[in-house]
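Asker: Work the whole structure out from these sequences, hints included.
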Amino acid sequence: ILFRKTVVFVQEKFVGTTRPLRIFPSTKSVILCSRVANGQLSATFYATSCPRALAIVKAAVAQAVAKEKRMGASLVRLHFHDCFVNGCDGSILLDDTSTLTGEKTAAPNANSVRGYEVVDTIKTQLEAACSGVVSCADIVAIAARDSVVAVKILLLSLSLCFFKIGVFRALTIMLHCCIALGGPTWTVQLGRRDSTTASLSGANSNLPSPFSDLSTLISAFQAQGLSTKDMIALSGAHTIGQARCITFRTRIYNETTINSTFATSLQANCPSNSGDDNLSPLDVVTQNIFDNNYYKNLRSQKGLLHSDQALFNGGSADAQVTTYSTNSATFFSDFATAMVNMGNISPLTGTNGQ
Numbered sequence: 437i438l439f440r441k442t443v444v445f446v447q448e449k450f451v452g453t454t455r456p457l458r459i460f461p462s463t464k465s466v467i468l469c470s471r472v473a474n475g476q477l478s479a480t481f482y483a484t485s486c487p488r489a490l491a492i493v494k495a496a497v498a499q500a501v502a503k504e505k506r507m508g509a510s511l512v513r514l515h516f517h518d519c520f521v522n523g524c525d526g527s528i529l530l531d532d533t534s535t536l537t538g539e540k541t542a543a544p545n546a547n548s549v550r551g552y553e554v555v556d557t558i559k560t561q562l563e564a565a566c567s568g569v570v571s572c573a574d575i576v577a578i579a580a581r582d583s584v585v586a587v588k589i590l591l592l593s594l595s596l597c598f599f600k601i602g603v604f605r606a607l608t609i610m611l612h613c614c615i616a617l618g619g620p621t622w623t624v625q626l627g628r629r630d631s632t633t634a635s636l637s638g639a640n641s642n643l644p645s646p647f648s649d650l651s652t653l654i655s656a657f658q659a660q661g662l663s664t665k666d667m668i669a670l671s672g673a674h675t676i677g678q679a680r681c682i683t684f685r686t687r688i689y690n691e692t693t694i695n696s697t698f699a700t701s702l703q704a705n706c707p708s709n710s711g712d713d714n715l716s717p718l719d720v721v722t723q724n725i726f727d728n729n730y731y732k733n734l735r736s737q738k739g740l741l742h743s744d745q746a747l748f749n750g751g752s753a754d755a756q757v758t759t760y761s762t763n764s765a766t767f768f769s770d771f772a773t774a775m776v777n778m779g780n781i782s783p784l785t786g787t788n789g790q
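FYI, the numbering for the sequence shown is 437 to 790, going by my numbering.
Computed cross-link-like contacts, EDC-like style, restricted to lysine to aspartate or glutamate with a CA-CA straight-line distance of at most 16 Å: (1) 665 with 754; (2) 494 with 556; (3) 505 with 553; (4) 732 with 754; (5) 503 with 553.
In case anyone wonders, no lab produced these hints; they're calculated from the structure.
Answerer: Now the structure itself:
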């Protein structure tokens, strides 16, 4: 995928033959994603062709999250918004051209989805290590996993600063971080190929909005082959990250299923008639820690978005929210499983895509 109005010719090699690679002009930084050729996803897909791929992505994501904590949530969301539109195929990265309308300008994505620059950086580093091997779709999937774990890495590294107060105290802090602060990890299946097409209409219709009720959320996830359990677990990604005022203004001024003190505390930063882009944390208590506090907030009617509180409002999701709020291990396990399930939505393999 190319992201700048630049014409680049690359030779694609297949078992003793060479042919020109298709050219895609676009609008930002130049990135060439791979042409993976296996028909089945595998955790070891790049073990031989690019053995340092996972380490390169992990280091770049850790650096990005250390620079801006919010980026962890942004990379998870980038993967989600990619997978829900014709599968996990990297199509969300495609910019508009004279012959293609991308997904970046869709209502759920415009001025909202972030992390493109991190993918750019990772791809540049991967090209230096193993040119034309790792697909952008796989980069997005790996980065989503590593961004959840990077919260733990960042906090562990910060704990080293406390050695001046004593080795025992510093090690105690590090142990606490290791046990309580990082998100879960999972094995990312690899071998996705990249789409050469995008769907603006799909992005506008497939992605659930922050104003969705429970039945709409369930239907949106079922349409992608994901269960209600997956949906509730994946919603827990809102334990990190922030949302714009425009997405929760109606809730804090007009809804009754919200803690009144919580609603009032948000109104100064989100006036009734201005400040659309002002940000508030999705989890006001531990916004930079991947934990189960999101579900505890829901039980106290402190969900920031309407779609958050819809998970705990006397409906069928209440029991699972309660379980996650009291058992972080169960949440972590189910979240990891759900992320794998989401990452398996309609990948392009074999000779499909590029």
